[in-house]
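If you want the building blocks of each chain, they are given just below.
Protein chains: 2
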Amino acid sequence: MARTTSLSGFPEWLPEERIVEQHVLDSLRRTFELHGFSSVETRAVETVEQLLRKGEIDKEVYGVSRLQQDENDSAKEGSLALHFDLTVPFARYVVENNGYLTFPFRRYQIQKVWRGERPQEGRAREFTQADVDVVGDGTLPFRYDVELALVMIDALSALPIPPFVLRVNNRKLAEGFYRGIGLDDAPAVLREIDKLEKIGADAVARNLQDAVGATGEQARAALALAAIRTEDTSFVERVRELGVSNELLEEGLAELAEVVGEASQRAPGKVVADLSIARGLDYYTGTVYETVLVGHEQLGSVCSGGRYESLASTGKKNFPGVGLSIGVTRLVTRILSQSMARASRSVPSAVLVALTDDASWSAAQDVATALRARGIATEVAATAQKFGKQIRHAERRGIPFVWFTTVGEDGSVSHEVKDIRSGEQVPADPTAWQPPAEDLHATVLTQDQDPA
Amino acid sequence: MARTTSLSGFPEWLPEERIVEQHVLDSLRRTFELHGFSSVETRAVETVEQLLRKGEIDKEVYGVSRLQQDENDSAKEGSLALHFDLTVPFARYVVENNGYLTFPFRRYQIQKVWRGERPQEGRAREFTQADVDVVGDGTLPFRYDVELALVMIDALSALPIPPFVLRVNNRKLAEGFYRGIGLDDAPAVLREIDKLEKIGADAVARNLQDAVGATGEQARAALALAAIRTEDTSFVERVRELGVSNELLEEGLAELAEVVGEASQRAPGKVVADLSIARGLDYYTGTVYETVLVGHEQLGSVCSGGRYESLASTGKKNFPGVGLSIGVTRLVTRILSQSMARASRSVPSAVLVALTDDASWSAAQDVATALRARGIATEVAATAQKFGKQIRHAERRGIPFVWFTTVGEDGSVSHEVKDIRSGEQVPADPTAWQPPAEDLHATVLTQDQDPA
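Same order as they appear, the protein sequences are chains A and B. Here the first sequence stands for residues 4 to 455, where the numbers follow my numbering. Here the second sequence stands for residues 4 to 455, where the numbers follow my numbering.
In case anyone wonders, no lab produced these hints; they're calculated from the structure. Watch out, some of these pointers could steer you wrong.
Which copy is meant is left open, so a pair is good if it fits within one copy or across any two.
[Claimed, not checked] With a cut-off of at most 30 Å between alpha-carbon atoms, the simulated DSS-like pairs for lysine-lysine come out as follows:
# : residue 1 : residue 2
1 : 320       : 201
2 : 392       : 201
3 : 389       : 115
4 : 320       : 389
5 : 392       : 319
If you're wondering where the values come from, they're calculated on a predicted model, not measured in any experiment.
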């Protein structure tokens, strides 16, 4: 893939790469719909006010304004900007349409988002996210925190990617623990714990003492919590051994045990309780999820999310939610750059109908129409070049079959179809012939399936 | 549809409306792929320079810039703006990737575009277009002008919309005719002819004389040409009767006759030669298409396009193209506002698995997994409310079936499924039960099919 795009951070795929991306998108849609999630799309733009409500990411936001702006434009509707995720727009959508939705409302949303970040591997300025969320009106049973993990495990398992691990933690567990040891500024502690992988335990311990005012013992306890990582609910015992007691901690332990217990039974090896996870704990209020591809940990999380006690609210109503978001472009970029999967051909066409002479174009269209009626993607040659040239054209495009129609001197019509890979050519009836199932559509082959 | 969106010109659909839109998008994709077109997506942004190359629509373009822009930003990559169609981005894509594409290159592209126009019925600021084009390297046989008309007739025929007519004209025909009668400024004549429907023939005749300097006879001839409209190739005879002779005119007559002759045979009544069509003739170089829904002519064209002798070019290479673009949002808005079609239910789910008690959630997930394995969209109740409440929840969401699992005192498990529309409840096996085919997916019912 020596090809570079003309605008850094805005990836574009070649047709055969796009087939892989579409396979991923189709697969996600199928899983989400099988789990009863409705599709929603929101507009690409929000008001700047709406986008910046949750915090300080304004540097990353792309503003939008007409090149020849009236003075009225922003006065009328506020300044506009491109959405940087699908959560903020969805929260607005829920508030605006809550009278038309049935709660708990299950939606998936697959759209592009934009962030003006410095482009680098795994980070684009325009990229596709695939979100699922369940939103309640007033309350939302905790069970959805379990269910959403299972939905995403299903969704990721169906993709042509390496094994993955869903890491789960819980804000209540962490915050309750910190309070239990006398550290009340949970966000500050989490900020330091978040640096563990980068700077190591010793440096974090020093920071906790210098920046957060922890004692050496408090720092050690916080680090001991962050060291716990189990594939089952044994983390509960491990936390108890640290001898900290706090009501919120107990609530968090019970919640995380429910997620990990159920998920580890239903999808063994796909989920871990990972008490070092700090990212996201500052804005989620309970469960928090992130996901890494085994062997590709440095790519960062490919599927993250959590529980918001207040995803959205109107004056009167509160809407709690839980959900996760897959970084589709990040996944597809990795799939393509590491040749984890490839399209079986670069075009949808299974058949090219060759032209015997220029006058046969309309008859060739009849053949194509008959084939398409049975779902066989077909194109017709535009000019009656030599058959060898027409076959080479099919070859270059990866079309497996070329169709020949000949009209005898007595006006009788005969058809033959050639598999240009084997060279085998056989008589065929346009109203009945069927290609082998594996040739009907362009498919996506994973490395294991790849005959090459 | 009393519901209004919070940002004028940026339509958003409710889940049941989105199902109709998805049906339209899926149907278009299917048709395009059956005809051998590859999917391509381009980034949402282009450089302003790229977007404004073709003319003076800068008022409609949305510029994009980071809210906290570095001085470097636009210096490095030029000012950015949202694309306002899919043709300009596709032309750039072809130039950038021509070494990786096989020509003639057939692509479809379904994406949102943005225009800062005043919102009104049929005109949004954010809307979806579905384009098909064939692009050649150096040359592109005229046959594709015929084929592309047939592709779009197929695509539109599969949608839940009223009968439509594809109107076709040809730039060479019009320009050749005008030259033949001594009017050399074809664009100026076309600008006046374009006003025919709005201001009438007399006013256009006056304008042709006042603004273009035509004689009364020239004006009458130009209007006589624009009055020709035939469902077959008889327009050729009608033009000849006007007694104008010009080489370019002959070329245009032959081309238009080929499109209309073939299309009227293969799709009777769907195509007309309409010599009044002037819009687009200034930038297309041969065939030009537009499409109206019968009875909804005031909606404007829902599918337009034409032939460009130079869709794109590099220093060395020229890429001619022919293609059409469907205004998906315009169509979907009309389908919904006139109730031409509706979703059979608002959610994908065919089955809600009820909870007997809170402890049965995991067993209910087993049932759901078994159903999903056979492609049956299923959700599980989150709490063990009274059955009546769980059934009402399914009812409100339009889910046709509710599943009940009971565990006997001896540990034996039995399953029943209830069709909540008929009330019929029967024993069922989660590994074998199948809903009626019409209930498997949310489907889209047209007015005729609608039992309501």
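Hints versus structure:
1. 320 to 201: neither (41 Å within a copy, 51 Å between copies)
2. 392 to 201: Result: close neither inside a copy nor across copies, 58 Å intra and 51 Å inter.
3. 389 to 115: neither (45 Å within a copy, 41 Å between copies)
4. 320 to 389: between (71 Å within a copy, 25 Å between copies)
5. 392 to 319: between (71 Å within a copy, 24 Å between copies)
Consistency with the previously given hints fails for numbers 1, 2, 3, ordered from lowest to highest.
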